[in-house]
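K.L.:
Under this note's numbering, think of the first position of the sequence shown as 1, with each following residue one higher.
Hints were generated in silico from the structure; no laboratory data involved. Check before you lean on any hint, since a few could be wrong.
To be verified - Label pairs and their in silico Cβ distance ranges:
1. 59 - 19: 16 to 26 Å
2. 87 - 130: 48 to 58 Å
3. 135 - 57: 28 to 38 Å
Glycine included, C-beta positions come from ideal geometry on N, C-alpha and C.
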Amino acid sequence: MVGKSREHYLFVTGTLAEPTLRNVLADLAPRTGFDYSVAVMPISIAALMSPRWIARRLTVPPEVTRVMVPGYCLGDLKPIAEVAEVPVERGPRELMQLVEHFQRGPERNDYGEFDIEILARLDGAAMLDAESLEVETDRLANDGAEMVVLGGPWDDRRLAATEAVRVVHERGVRVGIDNADGATVTEAVAEGAELVFSVDARNRRDACNWGVPVVVVPDAPGTLDGIEETLAVLNDAGVAARIDVGLDPIGFGLAASIERHIQARRRWPEAAMLMRVSTLTETTTVDSAGVNLTLLGICQELRIGSVLTSQRANWARSSIRECDVARRLAYYAVTRHVLPNRLDDRLVMLRDRRLHPPAPEALEKLAARLTDRSYRIFAEGGLLHAVSAGVRLVSNDPYDLLQQMLADTTRPLSPQTAYYLGYEVSKALTALRLGKNYRQDDALDWGMLTVPELTRRERRALRLAGQIQVPQAAADGGKETPTSAPPRTAGVRKEDAPQEGAEASNDQEPGT
């Protein structure tokens, strides 16, 4: 049997990155199992290369089976593919990310399934007007909630329960209702409510007439008392039910309440269950993502098919989206008996999973090799670095670093460039404080909360193309506004890359 032949990659780079690239590949290729060649383009900054510019200068050896260009090479790669006559792919933006790029596992086409339903509780719905309720409903549904549960109280209201249910239902979103008496529930069900909270000994007879599923709670909080009897009454009437035994806050019986969920599953092995995860996220002043993942993992293991969450507390404002990611991670981990590790980085928001800081000696060599006076910003070793031709400025204070730049009269900074560098240094400082990777001109990676940023070069190209409007008040601090928000990966078309020395004016461009 003939084995599969090894890939032979042709890595395209610039003169500044060549030594580092060769060092990385010398170690990576033997361990990963591919052959390689390096094509060094006649430009120092690889980030400034365009596909068309590369295509006019690229020579591809016959043994090459695949071409890889830097991640900063934006735009359509078709011109390179036509010259190379082999597949062309865009690699990572930073050289040190090549290791992870080649050592990552196969694409998991089966990842993303889930079987836990997210219910979003909207307290104070009665105090909203119809328009505000529509906005809130759309926001919760867009975040991933399958149902909006309207919470009372329904006295002294702007909207009656029936009106609120109608508004949500007309938005095409499933709706449940809580904290309402029997008559109000009957009216709400007629308007489209399809789940009612909460049923116990006091209203289980009424629940038999509502005609929709209900959530069953114990007669006495902190126990399982009365659940068996309520389930029997509902079952005789053909009413579907979900059991909610209650989740208690830290300091008020959290461990016991988790044990209660386990006991309920053992006692009613086939019953539908619900967990109020918002009880913990809303009463614990902590970023909610880890709490949500832990609770969703417990739900997955106990086959609890519904969670009730809320985004009322600011620290839990992304709970629905967190639960959406968490249920996918938990489903994959539990059904395949694997750790929920390296499957999905979207919940890694405060800190990055792995750091790729530049080596101090690499920054020294970079300063020696640069020929233009633009500053490149780095965050390494707890310090901020600004590197330019023959210069390496270092400080732990962003104001001090910027003052060093301004003090160099051989590299005068325009107000626009000074503002740009200040913004980048601020991002670099944030990365240092939190343990995140910093890459000049890139948004910091906040997991699922990341907002992509246009680079300075992309903004210039879009302005020239008339796709960014500059307001009259721009000189007073107004922001540039894209006429239509282009996708971050759309790229910027430029006929040619800048020649050496083109950056001597310090009209700042991306780092290497």
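K.L.:
Next step is simple, just say for each hint if it's right about the structure.
P.N.:
Verification of the supplied hints:
1. At roughly 21 Å, the beta-carbon separation of residue 59 and residue 19 lies within the given 16 to 26 Å, and the hint holds.
2. Distance hint check for residue 87 and residue 130: the Cβ-Cβ separation is about 54 Å, which falls inside the suggested range of 48 to 58 Å.
3. Judged by the Cβ atoms, the range 28 to 38 Å given for residue 135 and residue 57 is violated: they are separated by roughly 53 Å.
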